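A.B. asks: So you can see what is in the structure, the chains are spelled out below.
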Amino acid sequence: MKHTITKKEVLNGADFLIDIVAPGVAKRFVPGNFCVLITIPNGERIPMSIQKVEGDIITLFFKKLGKTSYELDTWKVGDEIYKVIGPMGTPPPIKKYGTVVFASDLVCGHAENWAMCDILRKIPGNHLISIESFPTEADVYPDSELCESVADEFILATEDGSRGVKGHYLDVLEKLLKERKIDQVFAGGAIPPLQKISELTKKYNVPVYTTVRQIMVDATGMCGSCRVFIDGEQKLACIDGPMFDGQKVDWEVAISRLTMFKTKEAVAMDCLNAKMKGVK
Amino acid sequence: MAIEKQVPMREQDPKVRITNFDSVPLGYSAEEAVKEAKRCIQCKVPTCETGCPVRMDIKDIIQLIADEKFDEAFFLSKKDNAVPAITGRVCPQEDQCEGKCVLDKTGQPINIGKLFAFVADLARKKDLVEEIKIKENGKKIAIVGCGPAGITCAVDLRKLGYGVSIFEALHMAGGVLQYGIPAFRLPRDVVDYELSFLEKIGVDVQLNQIVGQNIGFDELQKDYDGIYIATGAGAPRFLNCAGEKLKGVYSANEFLIRVNLMKAYKFPDWDTPIICGDNVGVIGCGNVALDAARCAKRLGANSVRIFYRRTKEQAPAREEELEHAEEEDISCEKMLSPTKIIGNNEGWITGIELVTTKFVGIDKSGRPKPINVDGLKFEVRLDTLIIALGTTPNRLFLSNVEGLETHSWGGIKADEHFMTNIPGVFTGGDALTGGSTVIEAMGNGRDAAEALDNYINK
Chain P
1 MKHTITKKEV LNGADFLIDI VAPGVAKRFV PGNFCVLITI PNGERIPMSI QKVEGDIITL
61 FFKKLGKTSY ELDTWKVGDE IYKVIGPMGT PPPIKKYGTV VFASDLVCGH AENWAMCDIL
121 RKIPGNHLIS IESFPTEADV YPDSELCESV ADEFILATED GSRGVKGHYL DVLEKLLKER
181 KIDQVFAGGA IPPLQKISEL TKKYNVPVYT TVRQIMVDAT GMCGSCRVFI DGEQKLACID
241 GPMFDGQKVD WEVAISRLTM FKTKEAVAMD CLNAKMKGVK
Chain E
1 MAIEKQVPMR EQDPKVRITN FDSVPLGYSA EEAVKEAKRC IQCKVPTCET GCPVRMDIKD
61 IIQLIADEKF DEAFFLSKKD NAVPAITGRV CPQEDQCEGK CVLDKTGQPI NIGKLFAFVA
121 DLARKKDLVE EIKIKENGKK IAIVGCGPAG ITCAVDLRKL GYGVSIFEAL HMAGGVLQYG
181 IPAFRLPRDV VDYELSFLEK IGVDVQLNQI VGQNIGFDEL QKDYDGIYIA TGAGAPRFLN
241 CAGEKLKGVY SANEFLIRVN LMKAYKFPDW DTPIICGDNV GVIGCGNVAL DAARCAKRLG
301 ANSVRIFYRR TKEQAPAREE ELEHAEEEDI SCEKMLSPTK IIGNNEGWIT GIELVTTKFV
361 GIDKSGRPKP INVDGLKFEV RLDTLIIALG TTPNRLFLSN VEGLETHSWG GIKADEHFMT
421 NIPGVFTGGD ALTGGSTVIE AMGNGRDAAE ALDNYINK
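Going down the list, the protein sequences come from chains P and E. For what it's worth, the numbering used here labels the leading residue of the first sequence as 1, then goes sequentially. For what it's worth, the numbering used here labels the leading residue of the second sequence as 1, then goes sequentially.
By construction, these hints were calculated from the structure, which means they are not laboratory data. The structure presented is a predicted model; accordingly, all values stated were derived computationally and were not measured. Each hint should be verified, as a subset may be incorrect.
[Said to hold, decoys possible] Once the Cα atoms are required to be at most 27 Å apart in a straight line, the calculated DSSO-like pairs of lysine-lysine come out as:
| hint | chain 1 | residue 1 | chain 2 | residue 2 |
| --- | --- | --- | --- | --- |
| 1 | P | K76 | P | K275 |
| 2 | P | K248 | E | K340 |
| 3 | E | K266 | P | K264 |
| 4 | P | K83 | E | K266 |
| 5 | P | K2 | E | K200 |
| 6 | E | K263 | P | K64 |
[As the list claims (entries may be wrong)] Pairwise CB distance ranges, derived in the manner of DEER restraints:
| hint | chain 1 | residue 1 | chain 2 | residue 2 | range |
| --- | --- | --- | --- | --- | --- |
| 7 | E | N454 | P | L258 | 50 to 56 Å |
| 8 | P | I94 | E | I201 | 41 to 47 Å |
| 9 | E | G300 | P | E199 | 38 to 44 Å |
| 10 | E | D363 | P | T6 | 54 to 60 Å |
Glycine is no exception: its CB is placed at the ideal position from the N, C-alpha and C atoms.
So that you can see chain E by itself, here it is in the shape it has in the complex:
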């Protein structure tokens, strides 16, 4: 039997979308969603579900969509996932559910992400809220950080009856969903709506609360029965090469925080500015690098070039983002590594010196190890450089917690039940793992909620 092809996702035309920050995918219509869901062969053993970090009932949800029971599909997805409209958009499905789909072998897996986003978007339009009966258990949990891990942990614990307070350092909730991922990938009305769920179920979200600065960690220890640290990995990694101090050189974090959290693309209606030149270079090829590159394009950059020391096939970015970037005329130049950033007398960047790399052996990540080839150096003219080499846990919070054990790379140490060396204090998300995806952090949050519950009830 011939396998029907995936129902294609309608998208904004690349020429148009590089002039705005609106969503690139336009979303399935109900008809398209049903047609796509009907392609699912409803495997006896749904391998797709084994690929899901929060263990959603993917097979049953797809069947409900195929049966046009969209509300039920939404409620079932919410059972395991607090923010399905978000994960439907930002999960690396090709490595998870869709990668494990039996049809993936044909190159045409079920478009699970887009189906789930459709269901959640429809529920949002209908303002559909599942009824959750919460039986208060009288215990209180403090969560530090309102990103994906903290949010998921909060929802799970709240459902179990805990009083949950989340302490968020920034002036908006969401963590990376707010400051990191651009609106063209994750529209802000989606984020706002999904996060409003926290309030609906009675989670107390306190913004501008920087634990250790305006509220002591010891105060939390005194006032709460348990603590979950989900402070993420918010500190940028730099190249540590000459010229990094020049004006026009940004960490990807700074570039994205200016654009996403502070809305610099709406300057001067919004106060925070950004300077993005005609010729932009981006170092690195993960999702953050692509987000920054695509933001630069939308800020009016003429040429945006990604320089990566490996090949595109080894890049950690999602497939869909790589394709989108290419459609937007962003080049990805492989096997290149920066050696120094060049500037003028006024302290502005004018270019970058790159060296060709080659593979020698295998590195710790199991991928071929790129090393610089001596002598193969050349210069590229640039007005703006964005460094997207990943992030490390923010030492601001860590320095404020006395006695908390951390790894040399900055991550928090925890046992197999996610408990730190301080009894009753648990951790997860990027603060524990150093850097992963939204959904993995959410999976972490779920596991920690279970562990915290077990600990308190032992």
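For reference, chain P alone in the conformation it holds in the complex:
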């Protein structure tokens, strides 16, 4: 199977989008699932959120963060990804919730926001409000990739107020929770705000599904690296999640465990930089 890149697009200074041929993943994908990418034979197995599926093609959002994503940023249309595996994970129920908010503030979260709004909006009785927040105007994605077209209501926020509403999604959501009846919240993106959104929704007695991003190796339930603690019980983000009831997640542990390989990630980046300099 050739996993060819069919499209690559800049989203902002750090984020980019690629379309990949992956019929196996595309055929059975449900929002809430993720896929596993091995970009090169020597590569890691990295879990990735999927924004959308069209025919055999899946769309993924990347942020230039570590070795793999920086390297991938240099790839072009026509290049081939070594392996694309999945869909993996257990999605939350795709059903009628009522008024639903999906809030996101980071690359993977924005992809999940799109996918979930797109499917839930098609279920009668659901009303989808999508909030996407970015640090500043320059970071905002192109209009075509914002969730405006897949949600019933769309709120764009920037933390400095340079475009859209001023504030983080947490500020926007709190206002919504105060003013309107919200039945279900979903959130994805940076982990610390997910802890806060869990506290916030608890205060307003609204349930929340959060994507608990963790370090995975095989992503099939074999290694236990992505163990998270839900109401004290050990679960695996790769097969039980990665979306969990945020109000039950032990966030301190989730935040701490994400940093385990920070020193190694820096080494990998240094090596890549040295290699790229050599190429020039």
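Given the structure of chain P, go ahead and fit chain E onto it with the hints provided.
C.D. replies: Relative to chain P, chain E alone:
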């Protein structure tokens, strides 16, 4: 008559080998192999063969080696064993063929494992392939999982003329041979070569196929005449004690998958990292625990200590591995059980609290039962902890098969013919037994192939 001693196996020096992942045993030369084979007294009733889960013709193979008919010896071993170069290295021979060897009473059994590895290695170097004529029977079998049980079942069924497809979840075939057993015990060129046999005989191996995720079990049921579930026991067991969430605490599975499947020991040339501190503790004393401990040593750990709640004599690990670990300066500290893992403010492990155990009565396995002795607690400083308490069947696959009956511990239920409660769906290997050796899983695969054939032709 004095019994000649075993021809010793040349090995990498312990001081050197802890700096690499190359094979520890260097293998017999042809002369050494012939000399060792000639020690065999060719018993009228070869008790060694009764100890073999795949029922190899051990006596005749040894005679062929003694007669320097190495090619014939290889073909005869391949008759019953799809991967003799692998089993020659990883079988617990002391409990099987060598344990049943008449000469074992003298302490000097024939070194059957090493002899068979020699024959298979030689065949590999010569690229010797036995001719197999396959008469297609038009029937199709799907096998879920490309580990020892699945591989063996696939080969046997293919030889009977079935079209066989194996669906493997990972990006490499081999199961535990790939992700679990380290290269210093089982070199990867050996694994790759042995598995290339599948392709040679026309078994269709499909990687990255996670049945239930990207391909439905119902699709397999529709498209195949029979299914064999050999998904193994891939899910790690944890201690369930405080501190298990700390950074620096690994399941043995994670540690070994990073090192073996993802080649973390070659980081940063390979992308997957591993962090292994100076002071490493390992809980458990099976083969997996020893593999992890010896990997840690090779990753540069200063001190590697195995903590075991029983005594070394009761440890499930192979004798050879225990000896090798000891030579590599890995300590095995008996009658100790962990009570909690201690960490710092940054969420990293700093140590472990252990309690002394004592034996009271007998447990379900028939061994003395260790219980914690209150009050006899102490702490050990650690940077890395590896938990090797065994594994359970992976619930990912099981949760995706509607109506498949399982035991409360996660194993799949099957009748005496290895058929599950779903007609035409068979199972074996660790998915059935919960955890055994490579060769036992292979024996299981053979039996299931026979049962599947009988079922389809009834």
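A.B. asks: Do the beta carbons of I94 (chain P) and I201 (chain E) sit within 41 to 47 Å of each other?
C.D. replies: Holds - the Cβ-Cβ distance for I94 (chain P) and I201 (chain E), about 44 Å, lies within 41 to 47 Å.
A.B. asks: Hint says 38 to 44 Å; check whether the CB-CB distance for G300 (chain E) and E199 (chain P) agrees.
C.D. replies: At 42 Å between Cβs, range holds.
A.B. asks: Run the distance test for K2 (chain P) versus K200 (chain E): straight-line Cα separation, threshold 27 Å.
C.D. replies: holds (23 Å)
A.B. asks: Given the proposed pairing of K263 (chain E) with K64 (chain P), does the C-alpha separation stay at or below 27 Å?
C.D. replies: holds (24 Å)
A.B. asks: Quickly compare the C-alpha distance for K76 (chain P) and K275 (chain P) to 27 Å and report which way the hint goes.
C.D. replies: holds (18 Å)
A.B. asks: Is the straight-line distance between the alpha-carbon of K266 (chain E) and that of K264 (chain P) 27 Å or less?
C.D. replies: Roughly 13 Å between the alpha carbons, so the hint for K266 (chain E) and K264 (chain P) holds.
A.B. asks: Taking 54 to 60 Å as the hint, is the beta-carbon distance of D363 (chain E) and T6 (chain P) inside that range?
C.D. replies: holds (59 Å)
A.B. asks: Are the Cα positions of K248 (chain P) and K340 (chain E) separated by 27 Å at most?
C.D. replies: holds (23 Å)
A.B. asks: For a C-alpha distance cap of 27 Å, please report whether K83 (chain P) and K266 (chain E) respect it.
C.D. replies: holds (20 Å)
A.B. asks: Cβ-Cβ distance between N454 (chain E) and L258 (chain P): within 50 to 56 Å?
C.D. replies: holds (52 Å)
Of the numbered hints listed earlier, not one is contradicted by the structure.
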